[in-house]
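The chain contents come next:
Number of protein chains: 2
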Amino acid sequence: MKTKPTETTIWQKLIRLAEKPYDLTAPGALSGSGRIGTMVCRSAGLRLLYAMQRVDEQVLTAFQELADGFDLVGRFQEMRGGAVLNRIDGWPSENRQVLHTASRDLFSENPLAPAATAQAKRELTQLERFIWEVDERHLLGSTGKPFTTMVNIGIGGSDLGPRAVNEALRAYYRPGRQVRFVANVDPDDASAVLASVDLSETLVTIVSKSGTTLETLTNEELARSAYRSGGLDPARHFLAVTGVGSPMEDPQRYLRSFAMFDYIGGRYSTTSMVGCVTLGFALGMEHLYAFLRGAAEMDEAAGHPAVRDNLPLLLALFGIWNRNFLGYPTLAILPYSQALHRFPAHLQQCDMESNGKSITRFGEPVSAATGPIVWGEPGTNGQHAFYQLLHQGTEIVPVEFIGFRENQYGQDLPVDGTSSQQKLIANLLAQAVALASGRDHDNPNRRFAGNRPSSIIVGNRLDPRTMGNLLALYEAKIVMQGFVWQINSFDQEGVQLGKQLATELLDLLKSGTNNGSTIGGELLREFEK
Amino acid sequence: MKTKPTETTIWQKLIRLAEKPYDLTAPGALSGSGRIGTMVCRSAGLRLLYAMQRVDEQVLTAFQELADGFDLVGRFQEMRGGAVLNRIDGWPSENRQVLHTASRDLFSENPLAPAATAQAKRELTQLERFIWEVDERHLLGSTGKPFTTMVNIGIGGSDLGPRAVNEALRAYYRPGRQVRFVANVDPDDASAVLASVDLSETLVTIVSKSGTTLETLTNEELARSAYRSGGLDPARHFLAVTGVGSPMEDPQRYLRSFAMFDYIGGRYSTTSMVGCVTLGFALGMEHLYAFLRGAAEMDEAAGHPAVRDNLPLLLALFGIWNRNFLGYPTLAILPYSQALHRFPAHLQQCDMESNGKSITRFGEPVSAATGPIVWGEPGTNGQHAFYQLLHQGTEIVPVEFIGFRENQYGQDLPVDGTSSQQKLIANLLAQAVALASGRDHDNPNRRFAGNRPSSIIVGNRLDPRTMGNLLALYEAKIVMQGFVWQINSFDQEGVQLGKQLATELLDLLKSGTNNGSTIGGELLREFEK
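Those sequence lines, one after another, are chains A and B.
Under the UniProt record's numbering, residues 1 to 529 are what the first sequence spells out, in order.
Under the UniProt record's numbering, residues 1 to 529 are what the second sequence spells out, in order.
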């Protein structure tokens, strides 16, 4: 379909429906009608409560028409089967398959992309063997100590996803295991982390698909230097996770290497070796497989043709509705779980790098606004911070809440008649109601306009499987939105210019002759004053 | 002045100027003209490079006219002197002074609000004495161990600011001292932190102005219970930071109490005892005073009448220009310093809770858009994440970069001919240039439209004094923007409705009879299914 989305009949229909969206503040709009109990979608281990979105039956029917007309599920299945979706028709582009889903399609007898899944299985087998050797102390540090700690050095996709999932599942870590992360080229980042661990018990995992990432190679050198200063042999502590044929493929320098494949983009790589090495080390293989199974379940669920029974698709369409038809430029993701404190940062990357685009996959300017600005912090913390603006600001912010019925540690205490977990849930739900319903008041400063839309994603408990569900839910949501906008959600040409200009500035710094009048050169002189 | 801002002549003039804002992509727009070297503002220890904003001399002159017409500096000085600015004329409101500036106005012979500064000094003297007793081991834990660790339990303003500044200054911590933070009512937050420290060597600081904050009291109970289970006496480990007359004023339960005053709002309280207790414990008093001095210097600088010589004022006006005249709904704050990784979260609170308002201080609906959505992550990390959208998305995001000429730890290593610190700076500057200048290209997917505005805040090194500069810079900026919008930047009525609805839900949970058809009740039943 090369017709612009905005020129389709269904797009025009949605514009008309959005002229008078469902009024959540009207009497009886939310309660007493069965709306709350009806507007629920379940996929894999998660449910979506969406009564607080500004939609009615007509809009949901139009969603189905949009999904069918744009063949969103069909394209998703083509992706899973290995279609070359990372491309711009008629222009030089990466021209690659998009097969992050294959890295967890391990549990079916007929994986959709058998070759890629076979490669994933080989790497997992190698990882399992490696972790067994570490656990059994066949592999020891260069002074003979068993490994307790892993430092992950990577940036962007090689950092945010693995970090978010490790943080989320810390309650499931094996006793005595810890993982730390270094990303920033700021040398203080590596200094602080390296100073906080016992290097002689530490594995350092270097993650870079190209094997040429400036930040990662620089931090690797800092880390190797720290090992050498401590009289330790880096080659017995360092692991590589890198692309086939990358300059990092060097058995002399690494204890082990694990492969990344060009059909998995960085921001979608958490279920590949990029995430699996730290997670396997910290959680053990059983929990790692539960996590991968959770992701696979959600991929499978995203293939359901009915919008109302397909959580990723429905979440994608609420995003389209709020962005393109109600006109809201941002999306807040607010998990009511401290363990998910870095999950919004991962989704910020995954969403904004995928869908922050202005050119369609046909090389033409987009005809509608694309990816929103995605941001968020955990609740209840945010309630005491930026929620003021969510309730009474002049900018309307759609919200995706995430909550769980049970906590992770099982440590809780009734205070004033309720447990902490009950307080957490009560607060989450109260916020959704307050945003939607608003409240009138004599004092104008105590009025709440309401009609601020939200969804609630509910899981039973944040365990490895549920985390897999959540990760794959958002990956699928983002991809499906890209299909609607007709963009390539898998490249990142927008980061190239900055890289190129940084290289030019570094050349100036190296040569020590910054006298010219390039913009960067002038700015550098001013900065250094 | 009760005239609406939008009805003033200067507002209308700015609307006309914004019809054709300065084109940063035109040939010679940035280099060769001296623009970069001229468009620099210095206040206290910081400089602002603002050549990459879409302004020219006419706009800057109009800024001065706006600042004078709205008496922004005059009102700021009135605030510092104790004016009752936390109020809504003609309606019930908090009716309080706004005197966070007094908590650091310690270095002048004539403080602007002498009574409040005297109170701050008394608390600091008490803190100094306490820290001396801890250092000299006159005070020991209940099993006789010296204190090495402090856990701060607070939320919102009692958490984000102190946490951001502690993280920023970790390089200056005294050897053997550490501070951890618990905020979330999610019981996993406290469980994880309490399990990671040796309680017998730990002080627990409970921070709540009202002494009734749900999350904080709940976490206090969890922590006290952990102490009792470990055979330790909480009364010998727990400190209180609370308002005069709060229910937490109880010497039986706390080793020491420090006072908060009602004229300092939570999100502005980092330089009061709310931040000083953890910072004094970790940094020592000398560094703490350097931090307070840095903040006082910037408050002083914010009193300068000339826009071009007043960094907080200028930063405030770029925000107004981008929000109200160029129409951008968000602001990204991107520190090129890993130590500032939580500073954007603090500013998100301070800005959005202050200025996310729809009612003026006269109780009327605002006539222009107020506070933007503030978000951000450290660079260079973000470059590998969401910068794609900054460069090529359909939404334009103004950026405030923060960078330092030197790093904190002094540990660096030349790799490929440049140090990490040089790489960090080169990347920061390259991003600003790329956003502003853009680039044409045959391949439409490699085009950059440019004209995406940014400022660069430059400091020498992120030390305690510079951190004080930065904190006070943003506090003053936010307050001055509130003056332009004619709102009360010091209340937070928008958080009340959610609190009230949460209490109702908790009552339902306590009674165990959730059968009715309130919206919250129905939602709770659905959530629990």
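Derived from the structure by calculation, the hints contain no laboratory data.
On a predicted model such as this, the values are computed, not experimentally measured, just so you know.
Check the hints yourself; a few may be wrong.
[To be verified] Sample of chain B residues at the chain A side, in silico, Cβ under 7 Å:
1) G32
2) S33
3) I155
4) D188
5) T218
6) E221
7) S225
8) M352
9) S358
10) F362
11) Q411
12) P414
13) V415
14) V458
Ideal Cβ placement from N, Cα and C applies to all residues, glycine included.
How the hints compare with the structure:
For B/G32, the suggested interface contact is upheld, since its CB lies about 5 Å from the closest CB of chain A, less than 7 Å. Evaluation of the B/S33 hint against chain A yields a violated restraint, the C-beta minimum of about 9 Å exceeding 7 Å. About 5 Å separates the beta-carbon of B/I155 from the nearest beta-carbon of chain A, less than 7 Å, and the hint is met. For B/D188, the shortest C-beta to C-beta distance to chain A is roughly 5 Å, which falls under 7 Å, so the interface hint holds.
Here the hint on B/T218 is kept, as its CB sits about 5 Å from the closest CB of chain A, short of 7 Å. At its closest, the beta carbon of B/E221 sits 5 Å from a beta carbon of chain A; the interface hint therefore holds under the 7 Å criterion. At about 6 Å, the closest approach between the beta carbon of B/S225 and any beta carbon in chain A falls short of 7 Å, and the interface hint on this residue holds. Below 7 Å, beta-carbon pairs count as interface contacts, and B/M352 has one with chain A at about 4 Å; its hint therefore holds.
Checking B/S358 against chain A by beta carbon gives a least distance of about 5 Å; that is within 7 Å, so the hint holds. Hint status for B/F362: violated, given a least beta-carbon distance of 10 Å to chain A, over 7 Å. The interface hint given for B/Q411 is met, as the beta carbon of that residue sits about 5 Å from the closest beta carbon of chain A, less than 7 Å. Hint status for B/P414 relative to chain A: violated, with the closest Cβ pair at about 9 Å, above 7 Å.
At about 5 Å, the closest approach between the beta carbon of B/V415 and any beta carbon in chain A falls short of 7 Å, and the interface hint on this residue holds. Residue-level restraint check for B/V458 holds (minimum Cβ-Cβ distance to chain A is 6 Å; threshold 7 Å).
Checked against the numbered hints listed earlier, the structure breaks hints 2, 10 and 12; every other hint is satisfied.
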